[in-house]
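**Student:** As a plain string of letters, each chain reads:
2 protein chains.
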Amino acid sequence: MKTLNELKKNAKEETGQIVSVANAADAEVLKAVQDAVNEDLCSFILYGDENNIKTLSAKIGLDLSSDKITVVSEETDPAGTAVKAVHKKEADILMKGNVSTKALLKAVLNKEYGLRSGKILSHVALFEIPNQDRLIFLTDAGMNISPTLMEKVEIINNAVKIAQGVGIEQPKVAALAAVEVVNPAMQATVDAAMLTQMQKRNQIRNCVIDGPLAFDNAVSIQAAEHKNIKSDVAGMTDIIAVPTIEVGNALYKSFMYFADAKVAAVVSGASAPIVLTSRADSAASKLYSLSLALVSSKKF
Amino acid sequence: MKTLNELKKNAKEETGQIVSVANAADAEVLKAVQDAVNEDLCSFILYGDENNIKTLSAKIGLDLSSDKITVVSEETDPAGTAVKAVHKKEADILMKGNVSTKALLKAVLNKEYGLRSGKILSHVALFEIPNQDRLIFLTDAGMNISPTLMEKVEIINNAVKIAQGVGIEQPKVAALAAVEVVNPAMQATVDAAMLTQMQKRNQIRNCVIDGPLAFDNAVSIQAAEHKNIKSDVAGMTDIIAVPTIEVGNALYKSFMYFADAKVAAVVSGASAPIVLTSRADSAASKLYSLSLALVSSKKF
Chain S
748 MKTLNELKKN AKEETGQIVS VANAADAEVL KAVQDAVNED LCSFILYGDE NNIKTLSAKI
808 GLDLSSDKIT VVSEETDPAG TAVKAVHKKE ADILMKGNVS TKALLKAVLN KEYGLRSGKI
868 LSHVALFEIP NQDRLIFLTD AGMNISPTLM EKVEIINNAV KIAQGVGIEQ PKVAALAAVE
928 VVNPAMQATV DAAMLTQMQK RNQIRNCVID GPLAFDNAVS IQAAEHKNIK SDVAGMTDII
988 AVPTIEVGNA LYKSFMYFAD AKVAAVVSGA SAPIVLTSRA DSAASKLYSL SLALVSSKKF
Chain R
748 MKTLNELKKN AKEETGQIVS VANAADAEVL KAVQDAVNED LCSFILYGDE NNIKTLSAKI
808 GLDLSSDKIT VVSEETDPAG TAVKAVHKKE ADILMKGNVS TKALLKAVLN KEYGLRSGKI
868 LSHVALFEIP NQDRLIFLTD AGMNISPTLM EKVEIINNAV KIAQGVGIEQ PKVAALAAVE
928 VVNPAMQATV DAAMLTQMQK RNQIRNCVID GPLAFDNAVS IQAAEHKNIK SDVAGMTDII
988 AVPTIEVGNA LYKSFMYFAD AKVAAVVSGA SAPIVLTSRA DSAASKLYSL SLALVSSKKF
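Residue numbers (my numbering), protein chains in the order written: chain S, 748 to 1047; chain R, 748 to 1047.
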């Protein structure tokens, strides 16, 4: 796949899916719902103060009588209620509305009605880079500060699930470091070597991992050949797995600000995909993120 | 300054500078010398096997009788001899030829004839990003694996010196992290806060430092305003100071491979600028790096 518009097109074919919105009483959130309904992406259950939702919907011209929209008045705990709906399989995807990320994730991790799967949660971003010929995943750019090796395994598994949703059955994963050789003084290279070998021993499945790879080796066949790197991943990476949040965050934002990228992102690792769009996201990006959740939700 | 061609133009005005080349017996290196002489950038002393230099020069059509070129036959220790020439002020800049980086830096650090200044050496890169309105420095993307706080101070000082050579008297330095708030669980944010305050207390001079800043806050005024960040640096960063080599290396290469950037780079921290071009660098990039060394050498 080359563009996020193709992803959206694929998401439209996933009919009948329902998104549970944790506090929809917010004009930005309702605009995203409006765009998604207009594009016939999915259906929504909107939790939150019904009067507020109605007032704000009237303002932006969102027709709440659409058969794609159900409003459920919930003033006291819209996050918990939205999570419960997914827990009870009344909805397929959880979407953050006008609640804090912290409050939403607390509900997700609730032991009774949450969406725990025994795995860590991680951030999975999918980028359309203008000068690249395929979409590329980056993980984890937002949630896990300094993941241990075993957490990196889960982060990769979480991303592989999403990549499979996009149609990449055996994604190629680059375990990123600053160099392509193992150096015991550089933990990123040590972890990368272990992740590579764990995949060879079937401790990690459904993907091909190679590392350590530096960014250029990961994304450019020429750069990899220049360094004489023999690899099934180098230059063809589907998933860039970063060693630390600092690397992930900086790369994410350099793609957006310097490379004019477009992005879709979800949180993976719970029992359903979670969409955490923020005000800073463009309207298009919000739909791309919803699309990424829609195409991958059956893998959960 | 907006382009590296402007930098090259400025470098041409720095007349009379001499570059000492550690083993010029290499076609790629001689091509760079040829380009620089053709563009009237500087003069060269070429150390290395004279017969090889002559044969290779004849092949590529480089005229060694130019008054900009001096060939000094040196078969046994071209790295040490080239370093000594800079040590003795016979040359202003050291340039890596056909020797390993390790061998060159070993000679640079030699206690008798080296270029030691008591500071650590660090890599300083200057990028022209197509969608940005100014050149932006990135440091350290290549030399120091996991710098301590005091090493980060030296890395910043080393970059400030180069920025001043480019004409930025008080460069704005973003101490990069994944977030813009101080979090004791994230060492990058802790160091960034300390660096910021050290600059306020004049422990670091000739620049304005602010951090922690995430990449978007560092380079985009809109992103900084969106987060309500009040800062003299945010959105106007001249120097991105990264927390680890993994961040620097990944950013460097994402700029090159995804953002179609152009780059100039030098090693700073010795008693003269060092140019470490590699085969993978384009011909233009080699001249940009030489230009960066030329404009900043008087600051050393």
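Quick caveat, the hints were computed from the structure, so don't treat them as lab data.
Be aware that one or more of the hints could be misleading.
Because identical chains share one entry, a pair is satisfied inside a single copy or across any pair of copies.
[Claimed, not checked] Dumping the calculated SDA-like pairs for lysine to any residue here, alpha-carbon to alpha-carbon at most 20 Å:
(1) K849 - V929
(2) K974 - A1030
(3) K1045 - I892
(4) K1009 - Q969
(5) K849 - K974
(6) K835 - A932
(7) K858 - E786
(8) K1009 - Q879
(9) K756 - D824
(10) K849 - G982
(11) K1046 - D880
(12) K756 - K1046
(13) K749 - Q879
(14) K1045 - M941
(15) K974 - I915
(16) K858 - T802
(17) K1009 - N878
(18) K1009 - I876
(19) K1046 - S893
(20) K974 - R1026
(21) K836 - V818
(22) K759 - G914
(23) K908 - K947
All values derive from a computational prediction rather than experimental measurement.
**Student:** For each hint, tell me whether it holds in the structure or not.
**Tutor:** Here is what the structure says about each hint:
For the homomeric pair K849 and V929, the shortest alpha-carbon distance between copies (17 Å) is at most 20 Å, but the shortest distance inside one copy (37 Å) is not. In this assembly of identical chains, K974 and A1030 lie within 20 Å of each other by CA distance solely across copies; the values are 19 Å between and 41 Å within a copy. Proximity of K1045 to I892 under the C-alpha cut-off of 20 Å is found in neither arrangement, the shortest distances being 28 Å within a copy and 42 Å between copies. Taking CA atoms no more than 20 Å apart as the test, K1009 paired with Q969 passes between copies only; the shortest distance there is 17 Å, against 25 Å inside one copy.
Proximity of K849 to K974 under the C-alpha cut-off of 20 Å is restricted to the inter-copy arrangement: shortest distance 17 Å between copies versus 44 Å within a copy. Taking identical chains as interchangeable, the C-alpha atoms of K835 and A932 are never at most 20 Å apart, the minima being 48 Å within one chain and 36 Å between chains. When the C-alpha separation of K858 and E786 is checked against a cutoff of 20 Å, the pair qualifies neither within a copy, at 36 Å, nor between copies, at 70 Å. In this homomeric assembly, K1009 and Q879 come within 20 Å of each other (Cα to Cα) both inside a single copy, at 12 Å, and across copies, at 17 Å.
Taking identical chains as interchangeable, the C-alpha atoms of K756 and D824 are never at most 20 Å apart, the minima being 34 Å within one chain and 63 Å between chains. Within a single copy, K849 and G982 get their C-alpha atoms no closer than 37 Å, and across copies no closer than 27 Å, so neither meets the 20 Å cut-off. For the homomeric pair K1046 and D880, neither the shortest alpha-carbon distance inside one copy (25 Å) nor that between copies (44 Å) is at most 20 Å. For a Cα distance limit of 20 Å, the shortest separation of K756 from K1046 inside one copy, 18 Å, qualifies, whereas the shortest one across copies, 57 Å, does not.
Proximity of K749 and Q879 under a CA criterion of 20 Å is satisfied intra-copy only: 8 Å inside one chain copy versus 25 Å between copies. Taking the closest pair of Cα atoms, K1045 and M941 never come within 20 Å of each other, the shortest separation being 30 Å inside a single copy and 47 Å across copies. Neither within a single protomer nor between protomers do K974 and I915 lie at most 20 Å apart by alpha-carbon distance, with minima of 27 Å and 36 Å respectively. Taking CA atoms no more than 20 Å apart as the test, K858 paired with T802 passes in neither setting, with 35 Å inside one copy and 76 Å between copies.
For the homomeric pair K1009 and N878, the shortest alpha-carbon distances inside one copy (12 Å) and between copies (15 Å) are both at most 20 Å. Proximity of K1009 and I876 under a CA criterion of 20 Å is satisfied in both settings, with 7 Å inside one chain copy and 18 Å between copies. In this homomeric assembly, K1046 and S893 never come within 20 Å of each other (Cα to Cα): the closest approach is 27 Å inside a single copy and 39 Å across copies. Within a single copy, K974 and R1026 get their C-alpha atoms only as close as 42 Å, which misses the 20 Å cut-off; across copies the closest is 11 Å, which meets it.
Taking the shortest Cα distances, K836 and V818 sit within 20 Å of each other inside one copy (17 Å), while across copies they are farther apart (78 Å). Taking the shortest Cα distances, K759 and G914 sit within 20 Å of each other inside one copy (15 Å), while across copies they are farther apart (54 Å). In this assembly of identical chains, the alpha carbons of K908 and K947 lie at most 20 Å apart only when taken from the same copy (18 Å versus 48 Å across copies).
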